[in-house]
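Asker: This is what each chain is made of:
2 protein chains.
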Amino acid sequence: MRLEYINPFVSALSSTFRTMLSCELRAGTPQPADGDPPRFELSGVIGITGGAVGTLVLSLSEKIALRAASTLLMMESTEIDDDVIDAVGELTNIVAGRAKSELEEYQLSIGLPNVISGSAYKIRFPSNVQSICIPFTSEWGPLTLEVGLAAVTEPFECCPLA
Amino acid sequence: MRLEYINPFVSALSSTFRTMLSCELRAGTPQPADGDPPRFELSGVIGITGGAVGTLVLSLSEKIALRAASTLLMMESTEIDDDVIDAVGELTNIVAGRAKSELEEYQLSIGLPNVISGSAYKIRFPSNVQSICIPFTSEWGPLTLEVGLAAVTEPFECCPLA
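Residue numbers (the numbering used here), protein chains in the order written: chain A, 1 to 162; chain B, 1 to 162.
In short, the hints are calculated from the structure, not lab data. Take these hints with a grain of salt, some might be off.
[Said to hold, decoys possible] Quick list of in silico lysine to any residue cross-link-like pairs, SDA-like style, CA-CA up to 20 Å:
#1 B/LYS100 <-> A/ALA52
#2 A/LYS122 <-> B/ARG26
#3 B/LYS100 <-> A/VAL152
[As the list claims (entries may be wrong)] To spell it out: a stretch of chain A is covered by chain B in this simulated footprint if at least three of its residues, at any positions, have a beta carbon under 8 Å from a beta carbon of chain B; those stretches are:
#4 16 to 29
#5 114 to 120
Ideal Cβ placement from N, Cα and C applies to all residues, glycine included.
So that you can see chain A by itself, here it is in the shape it has in the complex:
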């Protein structure tokens, strides 16, 4: 995966946490997510299509998900309910949307966010797609962002830009 794809996602996540949650993130070193990168209890997953196809995975601990939902919903969330699930999905959607606008030349479209929850699950990419995992730390704890994108080599279906 080309590095030019990654930076817009890192900036999008950091700016979303800063502006919407007043939570500063510190990005660690991006690394190939070989096999089984760390997953927290809740992972927002969103599909990307267009001039590149792939998936964004935002993985949060229960603690961060509750803090984020409480801030977004302006009411205390103390357990993982539908509102918290929706908040994690919406955060994932916002991060993907911000990154998309930075990658305008690829004419990306983003799908619906799904949220995977559980104590022990894996989210795997096709083995011919090298996804990149970026660990982040924050005052609320650690989180990870994983992005796997493959360039589309066939003629892109959308009409060329005027």
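We have chain A already, so just place chain B on it with the hints.
Answerer: Only chain B this time, still in chain A's reference frame:
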């Protein structure tokens, strides 16, 4: 979700299992997937964008995944390895691709298949999207297909067809 969206996915799954795996499926009654539909050990997940946005989830037991991978790869698979994960992803991709071709008027695009694995996980849709779960039975055991699609109400970004 409109029922016209569902039938192409049901046909696509049945025809994929019949033609590629020589396995006949019997579809049960589609039902709203409220909260927590049955999940098996492996779920192929693929994002859909275009004139409707959403996600397809194909959930298989380990037994079915191994049988399907053994047939597709023409060699016996006895444990969940990268080849089996890729086979589940590829099946999901083929089902989504066949359904897409039946829903041509929506100009759908499909993302990369991811595969979720684990013994206890949930895959949640945004609470304002009513996904539909279709249970299937087969000689290899039960499986489920879940589809959640939302119509896009904003002007569709792609150029109009000539």
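Asker: Does each hint hold? Answer for all of them.
Answerer: Results of checking the hints against the structure:
no.	hint	verdict
1	B/LYS100 <-> A/ALA52	18 Å, holds
2	A/LYS122 <-> B/ARG26	29 Å, violated
3	B/LYS100 <-> A/VAL152	18 Å, holds
4	16 to 29	violated (count 0)
5	114 to 120	holds (count 7)
Hints 2 and 4, counting from the list given before, are not met by this structure.
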